[in-house]
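Colleague: Chain residues, written in single-letter form:
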Amino acid sequence: MAGISFKLRKVLKNDTLTSLLKVYGYGALITAGGWVTSILTILLVGLIHIVIYKNSKEAVIFQIIITYLISLSLLFSSFHHLVFTRFVADVSYDNEEEKIVPNYFGVMLFNSLIIFLIGVGVTLFLLEGVNLFLKIVFFFTFLLLSNVWILNILAVSIQKFEYVTFSYIFSYFFIVVVSIFLGEYGIEFMLISFFIGNAILFLLLLVLVIKSYPFKNILSFEFLKSYKKYKDLLVVSFLFNLAIWIDKFIFWYTPDTSEAVIGNIRASIIYDLPISLAYLTVIPGLAIFFVRLEMDFADAYDGYFKGIIQGVTLDTLLEYKKVMVRTIRIAIKESIIIQGFFNLIIILLAPKIFDLLNIPRLSLPLFYIDVVEAQLQLLTMNLLAFLFYLDRRKEAFVVVFFMFLLNLVFTIITIKLGPYFYGYGAASAMFISSIIALLYLNRVFQRLEYETFMLSI
Amino acid sequence: MIDILIISEGTYPFVRGGVASWVHQLINGLNEFTFGVYFIGSRKEDYSGLKYELPKNLKFLKVSYLFDNPNPPVKNINLKDKFFKELDKVHKFFNQKELFNKKLFFDLVENFKLEYFLYSDTAWNFLVKEYKEKFSFESFKDYFWTIRGIHRPLWVLFNDLKDMPEVRVIHSPSTGYAGFFGGLLKLKRDIPYILTEHGIYVRERKIDLLISDWYENIKSTFLSQENILKNLWYEFYLSLGRFCYFSADKILSLYNRARLIQIEYGAPEEKTEVIPNGVDVKKLKGALERRGDNIPMVIGLIGRVVPIKDIKTFIKAIKITSTKIPNIEGWIVGPTEEEPEYFKECKSLVEILGLEKNIKFLGFQNILDIFPKISINTLTSISEGMPLSILEGFGAGVPAVTTDVGSCRDLIYGGLNEEDKRIGKAGFVCRVADPKDLANRYIELLTNKDLWKSAQKAGLERVNKFYTQEMFLDNYRRVYNEVINGRN
Chain A
5 MAGISFKLRK VLKNDTLTSL LKVYGYGALI TAGGWVTSIL TILLVGLIHI
55 VIYKNSKEAV IFQIIITYLI SLSLLFSSFH HLVFTRFVAD VSYDNEEEKI
105 VPNYFGVMLF NSLIIFLIGV GVTLFLLEGV NLFLKIVFFF TFLLLSNVWI
155 LNILAVSIQK FEYVTFSYIF SYFFIVVVSI FLGEYGIEFM LISFFIGNAI
205 LFLLLLVLVI KSYPFKNILS FEFLKSYKKY KDLLVVSFLF NLAIWIDKFI
255 FWYTPDTSEA VIGNIRASII YDLPISLAYL TVIPGLAIFF VRLEMDFADA
305 YDGYFKGIIQ GVTLDTLLEY KKVMVRTIRI AIKESIIIQG FFNLIIILLA
355 PKIFDLLNIP RLSLPLFYID VVEAQLQLLT MNLLAFLFYL DRRKEAFVVV
405 FFMFLLNLVF TIITIKLGPY FYGYGAASAM FISSIIALLY LNRVFQRLEY
455 ETFMLSI
Chain B
90 MIDILIISEG TYPFVRGGVA SWVHQLINGL NEFTFGVYFI GSRKEDYSGL
140 KYELPKNLKF LKVSYLFDNP NPPVKNINLK DKFFKELDKV HKFFNQKELF
190 NKKLFFDLVE NFKLEYFLYS DTAWNFLVKE YKEKFSFESF KDYFWTIRGI
240 HRPLWVLFND LKDMPEVRVI HSPSTGYAGF FGGLLKLKRD IPYILTEHGI
290 YVRERKIDLL ISDWYENIKS TFLSQENILK NLWYEFYLSL GRFCYFSADK
340 ILSLYNRARL IQIEYGAPEE KTEVIPNGVD VKKLKGALER RGDNIPMVIG
390 LIGRVVPIKD IKTFIKAIKI TSTKIPNIEG WIVGPTEEEP EYFKECKSLV
440 EILGLEKNIK FLGFQNILDI FPKISINTLT SISEGMPLSI LEGFGAGVPA
490 VTTDVGSCRD LIYGGLNEED KRIGKAGFVC RVADPKDLAN RYIELLTNKD
540 LWKSAQKAGL ERVNKFYTQE MFLDNYRRVY NEVINGRN
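Order-wise, the sequence lines are chains A and B. Residues in the first sequence are numbered consecutively from 5, following this note's numbering. Residues in the second sequence are numbered consecutively from 90, following this note's numbering.
There could be a bad hint or two in this list.
[As the list claims (entries may be wrong)] Short derived list, chain B residues pointing at chain A, Cβ under 10 Å: (1) 156; (2) 163; (3) 165; (4) 207; (5) 209; (6) 216; (7) 221; (8) 223; (9) 226; (10) 227; (11) 231; (12) 453; (13) 502; (14) 506; (15) 508.
[Stated by the list, open to error] Which chain B residues stay away from chain A? Per the calculated CB distances, all over 12 Å, these: (16) 108; (17) 166; (18) 225; (19) 412; (20) 449.
Everything labelled a hint here was simulated from the structure, so no lab data went into it. What you are looking at is a predicted structure, and each value in this text was computed from that prediction instead of being measured. Glycine included, each C-beta is placed from N, C-alpha and C at the ideal position.
The shape of chain A in the complex, shown without the other chains (with noise of 0.2 Å):
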C-alpha cells in the first residue's frame, strides 16, 4: 500500500475541497470497499425487494444468504490477505514485478482449492435439506467471492481508483438490475444476479491486473516461500476475521437469540440489522485514518528511517520520532472527532431511519451500543494497521487473539445475561483490545531505536 500515498497526494494537489471529499472517498473505498459495497447492496436489494415485490420474507433470507456468503468467504481466504499482501509489497521493491501475475494465479489456485473442499462441508451443512439448484449455485458464489477478495488486494495496489470504483458500482448496478428482473422466480435466481454481478466484477478487476502488471509465465507458486516466512501473518488476519464475526455467529447459534432461515442457516432479528448499520456508520472515521496512514504516517515513518541512513545525531533521530507520534495522534484524533461528529447526526437520525427501514425502535439502545463497538473495533483496527506498518508481527497476533477471545467470551456472557446486555461483549471486547494495541504501540515507540539498531537483521 506504499505507493498509494503518492496517487493521493497528486489529487489532493488540486486543493480544493472536492479534491480533499475525493480522497477521503478513495480512502473510504480502498479499506471499506468490497465489505461496504456488499452490505450496500444487500441492503439496496433487500429494500428493492420490500417495494417492488412486497416479498419481504424472500428478500430477508436473500440477505441473510449474502451475509453467510460474505462472511464466510471473508474468513476462509482471510488467510491470504496479510501474507500475499507482503508477498507484492517484497517483490515491488526488488523490481520483480513480473511474479505478481503468475503467482496470483497460484495463489488463486491454492485457494480454490481449499476453498472447494471446504465450501462442500459448509454448502452440505448450511443448506441442509434445501434443493440442489441453490446449493450448486451457493457453493460456486462461494468459491467466486473468496477469490474476489483475493483480487481485491492486488486490483486496489494498482491504484486506478477510478477504475476500481466502477468496476464495483457497475456489477452492484448489474446485481440490483438483474435482481429485479429475475426476483419474481425465487432465491435461487436472486443468488444466481449476485453471483454474476460479482463474476463481471472479477472479470474486470482480473483485466485491470493483467493489463498493468508484465508477465513471462503464467503460473508460479513461488508465493509458498512467503507463505512459509510469514505464516504467523497467516494466522493473524484468519483470527482478525474471525474475531470480528464471532459474535455474530454466536447470535446466530444460540437458539434463544436466532431463528431457522433456511437449511441450517440461521439468523438473529434483534442483533443482525443494527449491527449492520453501525458498520456503515464508521465510513467517514475510517476513511480519513487511512488517509493520514498512508499520507502523514508513511511519510514520517520514511523520514525516521532515512534519517538513520543518512547518519543524522541522535537527538535528530528523536525529533523525527517525535514526527511519527505526533502523525499517529493526529490520525486517531482527526477519525475520532469526525467521526464523532457524525456519530451525533447518526443518533439523532436513528429513530427516523429505523422508522424508514421497519426497524424495531425497540433495537435503538443495541444500535447504539453497536456504534461504539464498530467505533472501538475502527480504533483496534487503526492500532493494528500501526503496529504491521511497523512489522510488529507479535503484538498483532496478541491484540488479535484477544479481539477473538475477548469476544467469544463476552458475547456468550450478554446473552447468558439477557436482553439488555447484548452488544456490551463485542464492544468490551474491542475497548480492551485497543487498550492492549495502545500499550503496545506505546512500547513499540519507547524502544524504537533499540530494537532497530540492534535487533533487526
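On the provided structure of chain A, position chain B as indicated by the hints.
Modeller: Just chain B, lined up with the frame of chain A:
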C-alpha cells in the same frame, strides 16, 4: 605443558614477512624449549595455507579468525541494566580514569556474552550514554557500527581463553588484539608475559587508517566526521597498547628509539629492554661467496607489495636512475597477493613510466639466490621496525639504501654505540617518499666502485659484530629463563 605460547596476529605461520620469519627463527633456534602458537587471523579466506615448515618443538597450534564468526541469533535480551556498572568501571579503566579491578574485569570477560553486547538493553544504554557524553554531534549510525566493529572481535579472544594449554610463558610480538589476549591470559593465570614490539602497532594502524583515506573517494564535506570515527579506532588501539604495557612483565623492542617511543606511550621504563634482531651469518656467507667480481646494475627490494612499503616510490626512483643508468634493473621480491588493488596500480605505474624492461616483480623468492645477483638492497617503506632483510643483505655483502624509518639509520650508519659508529656507513639513508634522493644514492653507489666496496665491508662487519642470530637467541634464552626461574 608448553614452555612458551606465542600470540601471532596475522603473521606466523600463515603469512610470510619480517615478524613471521622472526618467530620461525626464534622457535627453531631455541629448540630446548617447547613452543605453542595461537594464530589470530582476520578471515579464513584471507590465508592460503602454511607458509613455514612447522618446527618439531612447536607442540601446539590454535587458529582463530576475528571476523569470521557469525552473530548469535537475534533475540530480545532484557538484562534490566545488569552489568551496566561493571561495564562503566572497566571502560573507565581502559580510558585511564579508574584503577584495574581484576574481579570485575573477569566477571565481564566470562559472563558478558557476545549476545549481550549485540542485543541487550544494558549494551544499548551504555552505548547511548557514551555517545551522549562524547559524540553527540556525530552520526549516530556511524558511531554505532564503528563501536560494534571495534569491540566485536574481543569475544573471539574471550572465548579462546579456555582453549589455551598449560604454559609457562606468554610471548606476544605485537600489541593490538594479540597483545591484549596475552594480557588477558597473563592476568587470568598469573604467569609471566613478555611483549616484543616490532613496529609500534598504533602508529602502523594510524598509517593504515590515513592510507585508507587516500584510496577512498574523499567525501570532503564529511572528512572531519570520518576523522572523528577513525579516531575511535585509534583510541581503541591505544588503550589496547596501554593494557599490554600494564600487564606485561617485560616490554622488549628492537632498537633504542623504539624503546623511547614505548615509554612515551606509557610503558614503565623498568620493564623495557632492547633486544635487536639477528641473522644467520653462516648461511649468508655462502651467498656472499657466490657473488661475481663486478657490480651488477640490479637493485633489489625485498618486501611485500603493500602500501606501507611504498613500492611506487621505488618504481619512480628506478625511472630517475634509468636516465643515468639505462640498463638499471629493479627487482621487487615479495608476495603480491596481499593487496591486489595496490599491485595493479604499481603495474600500471611501471607501464606508464615505460619501465617494463627494468622492473621485475619476482614474487616470493629464496633470498640466498637473490642477494648474489643484486648490488643494492633497498627499502622505500613509510614505516619499518628493524628490517631483517637489511641485516641479511649485509651478511650477504649487499649494501643498503633505505628511507629514514625505524632503525634503518642505526643499521646503516651505526647507532648502537661508538664502536658501531666507527665501523662506518653501510649504505645511505634517504628522505621518505623522495624518489630523487633515492635515485641519487643508487647512482652514487653503483658508479663508484670504492664507495660500494667500503659500504659492503661496513655492512659485513656490523652484522657479524652486533646482529648475529646467536646473539639474538642468547638474549631470548636469557630472558625466558629469567622469567621462568624468577617465578620459582
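Colleague: Hint by hint, note whether the structure agrees.
Modeller: Hints, one by one, checked against the model:
no.: 1; hint: 156; verdict: violated, 18 Å
no.: 2; hint: 163; verdict: holds, 6 Å
no.: 3; hint: 165; verdict: holds, 6 Å
no.: 4; hint: 207; verdict: holds, 7 Å
no.: 5; hint: 209; verdict: holds, 8 Å
no.: 6; hint: 216; verdict: holds, 9 Å
no.: 7; hint: 221; verdict: holds, 7 Å
no.: 8; hint: 223; verdict: violated, 12 Å
no.: 9; hint: 226; verdict: holds, 6 Å
no.: 10; hint: 227; verdict: holds, 7 Å
no.: 11; hint: 231; verdict: holds, 5 Å
no.: 12; hint: 453; verdict: violated, 42 Å
no.: 13; hint: 502; verdict: violated, 50 Å
no.: 14; hint: 506; verdict: violated, 55 Å
no.: 15; hint: 508; verdict: violated, 59 Å
no.: 16; hint: 108; verdict: holds, 37 Å
no.: 17; hint: 166; verdict: violated, 9 Å
no.: 18; hint: 225; verdict: violated, 6 Å
no.: 19; hint: 412; verdict: holds, 50 Å
no.: 20; hint: 449; verdict: holds, 46 Å
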